[in-house]
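Participant: Take a look at the letters that make up each chain.
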Amino acid sequence: MDEAEVKEKIMGIFEETFPEIKGQEFDWEKKQESFENWDSFAHMEIVGKVEQAFGISLEIDEVITLEFPLKFVEIVLKKKGA
Amino acid sequence: MPTVYSILEKSAKEFPEKAALAYNGKSYSYAELNQAVEKVKGFFLDNTEKQDIVALYMENCDAWVISYFGILGAGCICNPLGLRASDKNLQCQMEFAKPKFVLASSKFVDKCKRLGLDKEAKLISFEEVLAHEGKGKREPGLDEECFNSLMYTSGTKGMQKAIRLRHRTVYNATCNIVEYLKPKADTVYYQILPLTHSFGLGNVHVTFMVGGKVVIAGNTINYRKILNEIVEHKANFFAAVPLTISMIVENFLDEFKKADEWLRILCTNTGPMPIHITKKLLGETKNVQFYTYYGLTEASRSSFMHFNAEPGKLGSVGKPSPNARIKLVDEKGQEIEGLDAIGQVAISGNHVVEEYWRNGEATKKAFREGWLFTGDMAYFDKEGFLYIIGRDDDIVNIAGEKVSLQEIDNAIEQLPFVGDCACLEEKDERTEYRIKAFVVLNKEKAQDEEEARKKIVEHCRECLDNFKVPESIVFVEEIPKTDSGKTRRGVFRRDEGENNGQ
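First to last, the sequence lines map onto chains A and B. According to our numbering, the residues represented by the first sequence are 944 to 1025, in order. According to our numbering, the residues represented by the second sequence are 4 to 505, in order.
Isolated chain B (complex conformation) (with noise of 0.2 Å):
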């Protein structure tokens, strides 16, 4: 079976001369692409071993999408380093991970260096890569049961979740999308999203596969710059997550038109899509066709919504993919049947992972019998569309991340002023969600609200992600706890539900 790098291999061996990448006015053919990619992949083989991992540290650009292939190619994992990822993360993850190398763009070289992050590893820039002679002194030795990456994921008790993906669960998850999306050689997507999610770098197989090119955009917070360079670089395919989808169909409308002339293919995930945004979409557009997906890093598009087709099955996230499995189990982990069911989702397919690596507990939990046990409640409709209806856990979507709330408790319990904390997700018209911690202080060691509050975030920016850090500090008097001393968020959530007038 081929692999992740085989995708750019082929595509470059059939369409050397065609468009591949561009980035800030630089474009690569795809001959142009691979060879530079075989640099970074001769540099590798000639310093690393088969399936040694590679830290990635870059901003979204086109040295990232080489330096991807280029470890790939030379048989290695590479582990992309989240830029929202707060200090004391990275530093945990390369602790955890020992890679050999950290591969960072010329802009997270001196932050390498401050974390101390080229003490487990040797720091690396690209230009120092590129500026190597050999072409690799071993074989890379590459199929498809090596593993392609490393991911993390939010784990229920705030530690993450290590996640290494074989070359082969991507390259199904990359065949089901193709097969399900049908994108064409003229594929032109256009890139917004974080490289180091496997939304959009999932986007990057999918249009190489199909021999298609991709435009990493520079900046992606000017709505109405993005859409006209989707018409300036005639693109028709987009990603994006459905908060900035909603911020776009609601205020920037006439410019989507005029992208909607280009636009075919246009996909989202990571949440819910809202409902009316989606129908105002549907109705002001003529050739966009709106999709989205249920996945997780685990289990990467496992179904696929065609909003066009279903115009009556706007809040489900579809049906199956080609190639997977979902069932729906009881508490004791039994399929459950019947209209309406409510149930945990349980995935199985040759995209889904085997294990948490180093996590014999998470993955006793999780992976039984060849099934993914992902943690979220839904129900099928009597068509079989599927609807996700929340956790049976702490997680919650912070945008589009995964956010474990005990994590966020965890790390403010630490601090000696502070008694007990609990987290809760609270609506936000801009981000969606936010973080708002409830905190008990510790009578003893008294310390002004105000003072603690402040102490709090700054405590939180130096450990936690900035997307968990809490947007609003509440003092209680008490946090609600089962006769274990466990936090009752369910009730705390619905409490606070009734006193917020919900």
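So here's chain A without its partners, still in its complex pose (with noise of 0.2 Å):
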């Protein structure tokens, strides 16, 4: 799977999780307080359908750095191999 096909899909997930940034430029590096509802929640929420997605499992010590989409696709990748 190369960068592209990743980057589709967490785009895809975080477009499902906020409705509101259909449509809109995808910012990579906005931050989590800047999205209007990514809270704690909403955290778990893309987590969940990151690892579903693409088949991985994340520690919490990697969870809790993910605060931007970018920092989504970097950690794919590498648990990838890619």
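Note that these hints are calculated values from the structure, not bench results. Certain hints may be false.
[Stated by the list, open to error] Examples of chain A residues lying across from chain B (beta carbon under 7 Å, computed):
| id | residue |
| --- | --- |
| 1 | Glu-976 |
| 2 | Asn-980 |
| 3 | Ser-983 |
| 4 | His-986 |
[Stated by the list, open to error] As a list, the in silico PhoX-like pairs of lysine-lysine whose alpha-carbon atoms are at most 20 Å apart:
| id | chain 1 | residue 1 | chain 2 | residue 2 |
| --- | --- | --- | --- | --- |
| 5 | B | Lys-484 | B | Lys-439 |
| 6 | B | Lys-457 | A | Lys-965 |
| 7 | B | Lys-228 | A | Lys-973 |
| 8 | B | Lys-103 | B | Lys-140 |
| 9 | B | Lys-110 | A | Lys-973 |
| 10 | B | Lys-185 | B | Lys-237 |
| 11 | A | Lys-1014 | A | Lys-952 |
| 12 | B | Lys-110 | A | Lys-965 |
| 13 | B | Lys-91 | B | Lys-114 |
| 14 | B | Lys-237 | B | Lys-187 |
| 15 | A | Lys-974 | B | Lys-228 |
| 16 | B | Lys-228 | A | Lys-1014 |
| 17 | A | Lys-965 | B | Lys-122 |
| 18 | B | Lys-316 | B | Lys-282 |
| 19 | B | Lys-385 | B | Lys-405 |
| 20 | A | Lys-992 | B | Lys-430 |
| 21 | B | Lys-125 | B | Lys-103 |
| 22 | A | Lys-952 | B | Lys-457 |
| 23 | B | Lys-237 | B | Lys-21 |
| 24 | B | Lys-458 | A | Lys-965 |
| 25 | B | Lys-457 | A | Lys-992 |
| 26 | B | Lys-110 | A | Lys-974 |
| 27 | B | Lys-114 | A | Lys-974 |
| 28 | B | Lys-458 | A | Lys-992 |
| 29 | B | Lys-114 | A | Lys-965 |
| 30 | B | Lys-330 | B | Lys-368 |
| 31 | A | Lys-992 | A | Lys-952 |
| 32 | A | Lys-950 | A | Lys-1014 |
| 33 | A | Lys-1021 | A | Lys-950 |
| 34 | B | Lys-237 | B | Lys-261 |
| 35 | B | Lys-140 | B | Lys-42 |
| 36 | A | Lys-965 | B | Lys-91 |
| 37 | A | Lys-992 | A | Lys-974 |
| 38 | A | Lys-973 | B | Lys-114 |
| 39 | A | Lys-992 | B | Lys-439 |
| 40 | B | Lys-228 | B | Lys-260 |
What you are looking at is a predicted structure, and each value in this text was computed from that prediction instead of being measured. Each residue gets a CB set at the ideal place from its N, CA and C atoms; glycine is no exception.
Take the two lone chains, each set in its own frame, and fit them into one complex as the hints suggest.
Facilitator: Structure representation (structure tokens):
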């Protein structure tokens, strides 16, 4: 799986979780606090979807550092050994 | 009697130079905070009538606190809009309450326009309010019987119930907390909870009442950062939902021990605290005093539990708060007594509201002869400690929010290809519980299951708050019903548990 495919899936997960960002230019470095409702519950929801979509398991130490979308891409690529 | 607004007013007079609020590198003394609040108050005194409703739509930030007290100071009712609320929920709330203004932070102004929230009310940004020059043409006319805020809670039939809280009830609840927790004037409260929720907002009231400082966190997902900031700000008061405390104790114990050098009060609420986590926390910390309480928006902080003082009763929510009365009743509403007798919790006291706004049916059911009938089932032990064991209806607790399963059933059943639906709560290691929907497809309007699943999730995201959207959907042949056609959720829950080997 290459970076473009990972990015497409991650973007889909973010757009599903935060429908208000659909149709906007996707900002890969937009931080958690800049989203309308990225709270701890939404965070766990995204983490669960990413784990399921890529068949990976994330440690809590990794989970807490995922503060913007690009971080998810990086961790998936690292876990997948890409 | 004083009002919620007077909590801040009094501390601003007594401790003008003391630090009151900090957010994102910006700090306010009580005098500075009061000055900012006066600006907001002046705007609303010039543009509203007493007890008009003002909806407040902002993220956790300094502007939220300033706006809230400014709205109250003008004698208006603050209607905090939850950040987890769905678009449809927000629109319904606006239509129901018809606020005069929606006061939004810059982050939410565009969303308000997109949702048409500016059709029912005048939309104004925080910056516009601060730019207002007037000090107010009318008197606030504020007294303890005035309404302070408008909140919503889940109803058993899936309709949200509106609760107007009076200054008197909120002030009394604040006094109850102060009397029990005894926070001191050097309190520094680190806030990660939503300000829109009475748990988080109540702690702000408490901190201001004793002349302490509120530090609002920017980031609420990085537990290590949160604990480091507690140390950095020398915060001695922290509150979080059980899940957050569990995550911290299980994964960040070293950082938590460093925070323990400063922490004196740790408070949790909204759900049961896992006993093994409480035991570990008490065993690994030296200073922090750990509390939980039992309460509802209708009757905040009705009991308190101090875990350090009662290590043998870690499953309890404690004894009634000062000035609160709690009894257990049977199905007919008659008080039941006796050890371990299980009954519905009923509460009375000066902190309890008297009705659901514009909902006579729900009011009649829940409020009788000065008592609030909560729907929570519980028992007392021989020392008078209260143990909550569950609900007598379809309300479950998801991520600290009360959720009506019936509301989710109703939303899914709106889809033409759905014949029937019943939702259950399911254990989840990260969010405690999540929603699982069981759906019977309408054979006449057959859909591919994958397509149906996608459409159900999309539909739920449109019309339900995000924490109510099912995490998993299972297609079944039928759902157990009573003779009158009501879902037999208890039977269904038991059968599902057995199927899953629980």
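Participant: If a hint holds in the structure, say so; if it doesn't, say that too.
Facilitator: Status of the hints after comparison with the structure:
1. Glu-976: Holds, because the Cβ-Cβ distance from A:Glu-976 to chain B comes to roughly 5 Å (cut-off 7 Å).
2. Asn-980: The hint holds - A:Asn-980 has a Cβ within 7 Å of chain B, the shortest such distance being about 4 Å.
3. Ser-983: holds, 5 Å
4. His-986: holds, 5 Å
5. B:Lys-484 - B:Lys-439: Holds - the C-alpha atoms of B:Lys-439 and B:Lys-484 are around 18 Å apart, at most 20 Å.
6. B:Lys-457 - A:Lys-965: It holds: about 17 Å lies between the C-alpha atoms, which stays within 20 Å.
7. B:Lys-228 - A:Lys-973: holds, 18 Å
8. B:Lys-103 - B:Lys-140: With Cα atoms ~17 Å apart, B:Lys-103 and B:Lys-140 stay inside 20 Å; holds.
9. B:Lys-110 - A:Lys-973: holds, 13 Å
10. B:Lys-185 - B:Lys-237: holds, 18 Å
11. A:Lys-1014 - A:Lys-952: holds, 14 Å
12. B:Lys-110 - A:Lys-965: Roughly 16 Å between the alpha carbons, so the hint for B:Lys-110 and A:Lys-965 holds.
13. B:Lys-91 - B:Lys-114: holds, 13 Å
14. B:Lys-237 - B:Lys-187: holds, 14 Å
15. A:Lys-974 - B:Lys-228: Answer holds: A:Lys-974 to B:Lys-228 is near 15 Å, not above 20 Å.
16. B:Lys-228 - A:Lys-1014: holds, 17 Å
17. A:Lys-965 - B:Lys-122: Judged against 20 Å, a Cα distance of about 24 Å means the pair is violated.
18. B:Lys-316 - B:Lys-282: This hinted pair holds, its Cα atoms lying about 11 Å apart.
19. B:Lys-385 - B:Lys-405: violated, 30 Å
20. A:Lys-992 - B:Lys-430: Since the Cα atoms of A:Lys-992 and B:Lys-430 sit roughly 17 Å apart, the hinted pair holds (cutoff 20 Å).
21. B:Lys-125 - B:Lys-103: holds, 6 Å
22. A:Lys-952 - B:Lys-457: holds, 15 Å
23. B:Lys-237 - B:Lys-21: This hinted pair holds, its Cα atoms lying about 15 Å apart.
24. B:Lys-458 - A:Lys-965: holds, 17 Å
25. B:Lys-457 - A:Lys-992: holds, 14 Å
26. B:Lys-110 - A:Lys-974: Within the cut-off at roughly 13 Å; holds.
27. B:Lys-114 - A:Lys-974: The given pair, whose Cα atoms are some 18 Å apart, holds under the 20 Å limit.
28. B:Lys-458 - A:Lys-992: The hint holds at about 17 Å.
29. B:Lys-114 - A:Lys-965: Holds - the C-alpha atoms of A:Lys-965 and B:Lys-114 are around 13 Å apart, at most 20 Å.
30. B:Lys-330 - B:Lys-368: holds, 17 Å
31. A:Lys-992 - A:Lys-952: Cα-Cα ~10 Å, so holds.
32. A:Lys-950 - A:Lys-1014: holds, 11 Å
33. A:Lys-1021 - A:Lys-950: Distance ~13 Å between A:Lys-1021 and A:Lys-950 Cα, so the pair holds.
34. B:Lys-237 - B:Lys-261: holds, 11 Å
35. B:Lys-140 - B:Lys-42: holds, 13 Å
36. A:Lys-965 - B:Lys-91: holds, 17 Å
37. A:Lys-992 - A:Lys-974: holds, 19 Å
38. A:Lys-973 - B:Lys-114: Given that 20 Å is the threshold and the Cα spacing comes to 17 Å, the pair holds.
39. A:Lys-992 - B:Lys-439: holds, 15 Å
40. B:Lys-228 - B:Lys-260: Holds, at about 14 Å.
In this structure, the hints that do not hold are numbers 17, 19, in rising order.
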